[in-house]
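There are 2 protein chains.
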Amino acid sequence: MGRGARTAAETLRSAPPEQRTAAIEMMARRIREQAGEILHENARDVAVATAHIDRLMLDEARVEAMAQGVELVAGLPDPVGIEMARWARPNGLDIARVRTPIGVIGMIYESRPNVTADAAAISLRSGNAIILRPGSDALRSSLAIHRALSQGLDDAGLPAEAVQIVPTADRSAVGALLSGLGGTIDLIIPRGGKALVERVGNEARVPVLGHLEGVCHTYVHASADPDMAVEIVRNAKLRRVSICGATETLLIDEAVAPVLLPLIADAMEGCEMRGDEASRAILPMTPASESDWHAEYLAPILAVRAVEGVDEAIRHIATYGTGHTEAIVAEDPAAAERFLVKVDSAIVMWNASTQFADGGEFGFGAEIGIATGKLHARGPIGPEQLTSFKYVVRGSGQTRP
Amino acid sequence: MGRGARTAAETLRSAPPEQRTAAIEMMARRIREQAGEILHENARDVAVATAHIDRLMLDEARVEAMAQGVELVAGLPDPVGIEMARWARPNGLDIARVRTPIGVIGMIYESRPNVTADAAAISLRSGNAIILRPGSDALRSSLAIHRALSQGLDDAGLPAEAVQIVPTADRSAVGALLSGLGGTIDLIIPRGGKALVERVGNEARVPVLGHLEGVCHTYVHASADPDMAVEIVRNAKLRRVSICGATETLLIDEAVAPVLLPLIADAMEGCEMRGDEASRAILPMTPASESDWHAEYLAPILAVRAVEGVDEAIRHIATYGTGHTEAIVAEDPAAAERFLVKVDSAIVMWNASTQFADGGEFGFGAEIGIATGKLHARGPIGPEQLTSFKYVVRGSGQTRP
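Those protein sequence lines, which keep their order, are chains U and W.
Numbered by the working numbering, the letters in the first sequence go through residues 202 to 602 in order.
Numbered by the working numbering, the letters in the second sequence go through residues 202 to 602 in order.
Treat the hints as calculated values from the structure; they're not laboratory data.
Where hints are given, some of them may not hold.
Copies of the same chain look alike in the list, so a pair counts if it fits in one copy or across any two.
[To be verified] Pairs of lysine to any residue, SDA-like flavour, derived with a Cα cap of 25 Å:
hint	residue 1	residue 2
1	Lys395	Glu509
2	Lys543	Gly293
3	Lys543	Leu382
4	Lys395	Asp255
5	Lys543	Thr369
6	Lys395	Leu499
7	Lys543	Tyr592
8	Lys543	Met202
9	Lys395	Gly381
10	Lys395	Glu311
11	Lys543	Glu509
12	Lys543	Phe590
13	Lys543	Arg287
14	Lys543	Ala496
15	Lys395	Glu513
16	Lys543	Asp279
17	Lys543	Thr222
18	Lys395	Ser380
19	Lys543	Ala361
20	Lys543	Glu219
21	Lys395	Leu382
22	Lys543	Val457
23	Lys543	Arg214
24	Lys543	Ser424
25	Lys543	Glu491
26	Lys395	Glu497
Let the hints inform the model, and build the full structure from the sequences given.
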């Protein structure tokens, strides 16, 4: 698989953008055409699934949404070959920084079946070959989707090895991918829970564009507009509790907690709140323990902590945050700027919901995850983030003195 | 050391650029002031050294050059806090991509003593803390240089932990750095030979901005201007044979080899040439073996291979190259563009010497290596390449529908 992907990557590197666009469009068409087969295989996955049934289950509307998601990627600008910068040196050398594909991506994920289609489309848009390793619970669905993707590639005259899938649930395949398949994989993108993240950290022998947990914080400063604070906290926690940008911990200034906490609690119907001692003195709540500050609940549970001010909020986030997304609600611009500068997360927000942590919402068109590391790309991973670059130097016979 | 560096990184993150500039300037001053002590310790290193004496040995001129190199970095634009992009979303969210320091860098190197000063200055310019691990042969010199650097930090009111040095030649320290020192190191930069590169590949548990070998190629196309080809090959190989951008293999089109190879050989005084069968039929040379195509000689030796044309040259480079720097000499623009697009190296050049593969020559002001991987930064690693970024999102109470 690695060798095939490497060869396909060489083809993709110099394939015209229009051919890759056509392939992605044909992928969408083939997904629609084979919706029946995909739903049939998905039903077999669902029949033996023991958890996350809603996440796993497809219906006609979801298959159509998957096809539309792929079409959206077909319409995105092609990043390959774009000059990011160009300058001339005093000796006449002309230097351009040009976007290039990364090469071969290995993606290991435990997610909705549509990630199979999204990852293939975004990878192809960036000129990369990809080897997909879906979770075992969605394997039959993903194999069926992959058959449609392969036909789309073939329709456009691109090699089938541009998008491959590991056809087995055998977990040793994950180890093989993490080893780099004999130097053929350039980048691993993991997307999954704590166990996968730890395995990747221990075993990966190639660069990783990581998706750590999202223990996101919303901090309500003393200067916050009360109505805005209530709306943002409610949305940040409850709009969808299962996404990585959902707020997990509320930090709130002691000065305003007696007034604001009860208002927030009123708006959080169906949400369990777990508080520190100071906040429980204001509002009856389950006591929060140390593990709550570390928790990525992905559930209607909110940890609550009263803080002295912006510096204590920043310290809490530095201690317990995972570098994903944090927001401050404040009218005081000095407090907000201090928070935006000092908090070292991929995304920092002022007066907005952490649920905006999403490539689509950022205007990237699509994403296959949020990177929480500090190298290469940080934040939403879209087509542009799956590129590298090279320097193209044009001379007229210059030699170095 | 890791905890100290982490704390220092937090201070550096929000220190004003002027303070970091002042610290770098004071570092240069302290290096000059303590030149005697640095030379004294360097003499002790030299006294027990068994190899690379010239590379290791300092004199007053080299110490002055080291101080000037540091001053150069002080004068470079500060990358931290720069807005790389900013845009508004239809919902009014204002999104900025802002440069940030990476955090804590671990640098493991086997190089000239001046790298100790360069790496500290470039790291500080980018707002990062750094832990230096010099080669054991330069340890006393590096410790003396480090004392000057520490005083420079102190002069400017910055924590000494912003630049630390591993004070022992014990090789287990390398393993500790590669493990990430308990999660305190964000990035490892290795700069050394094959043994170090392999150890990093096996043991690193944190991201690596790698400096693989530089097996650089110069390819002379049939359309090349003969005089230019001779000049470029000579410069690319012989200007300095010990730098990573020196050409190690000459590829030459069969069509012009009978005329050009003798001209090139005439210009390569003092250089051993090792050829494949076809080129030895033109010019008497030592036979080249498979290992020659893989060799980073860093010496006055040039491997020579005759090729059918640009595609065979591209294939040779894909097989034996290390992704560093490759050049084509050609008057035919179609051949040149094919080479520039198809060769996937950090730097590809047309009608110029591979010895220009250098951050200073690119206009970056300074560099601490050339990255040959495809993630994060590729090519010369200067202050800008040692930054990350974050998204700063400013709203007015937006919640996600």
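The hints, checked one at a time:
1. Lys395 with Glu509: neither (32 Å within a copy, 53 Å between copies)
2. Lys543 with Gly293: between (42 Å within a copy, 24 Å between copies)
3. Lys543 with Leu382: between (40 Å within a copy, 23 Å between copies)
4. Lys395 with Asp255: within (21 Å within a copy, 51 Å between copies)
5. Lys543 with Thr369: Neither way: Lys543 and Thr369 sit 45 Å apart in one copy and 34 Å across, limit 25 Å.
6. Lys395 with Leu499: within (13 Å within a copy, 45 Å between copies)
7. Lys543 with Tyr592: between (33 Å within a copy, 13 Å between copies)
8. Lys543 with Met202: Between copies, since 22 Å is at most 25 Å while 44 Å is not.
9. Lys395 with Gly381: Both, since 21 Å and 19 Å are each at most 25 Å.
10. Lys395 with Glu311: The answer is within: 11 Å in one copy meets 25 Å, while 37 Å across copies does not.
11. Lys543 with Glu509: within (16 Å within a copy, 58 Å between copies)
12. Lys543 with Phe590: Classified as between: cross-chain Cα gap 13 Å, same-chain 30 Å, threshold 25 Å.
13. Lys543 with Arg287: Classified as between: cross-chain Cα gap 19 Å, same-chain 33 Å, threshold 25 Å.
14. Lys543 with Ala496: within (22 Å within a copy, 47 Å between copies)
15. Lys395 with Glu513: neither (27 Å within a copy, 46 Å between copies)
16. Lys543 with Asp279: Between copies only: 18 Å across chains, 35 Å inside a chain, cut-off 25 Å.
17. Lys543 with Thr222: Answer is between; shortest inter-copy Cα gap is 20 Å, intra-copy 41 Å.
18. Lys395 with Ser380: both (19 Å within a copy, 19 Å between copies)
19. Lys543 with Ala361: Close across copies (21 Å), not inside one copy (47 Å); limit 25 Å.
20. Lys543 with Glu219: For Lys543 and Glu219, only the inter-copy Cα distance (18 Å) is at most 25 Å; the intra-copy one is 44 Å.
21. Lys395 with Leu382: Classified as both; 23 Å inside a copy, 21 Å across copies.
22. Lys543 with Val457: Result: close within a single copy only, 22 Å intra versus 61 Å inter.
23. Lys543 with Arg214: The answer is between: 7 Å across copies meets 25 Å, while 40 Å in one copy does not.
24. Lys543 with Ser424: Classified as within; 18 Å inside a copy, 56 Å across copies.
25. Lys543 with Glu491: Classified as within; 23 Å inside a copy, 54 Å across copies.
26. Lys395 with Glu497: For Lys395 and Glu497, the Cα distance is within 25 Å only inside one copy (10 Å; across copies 42 Å).
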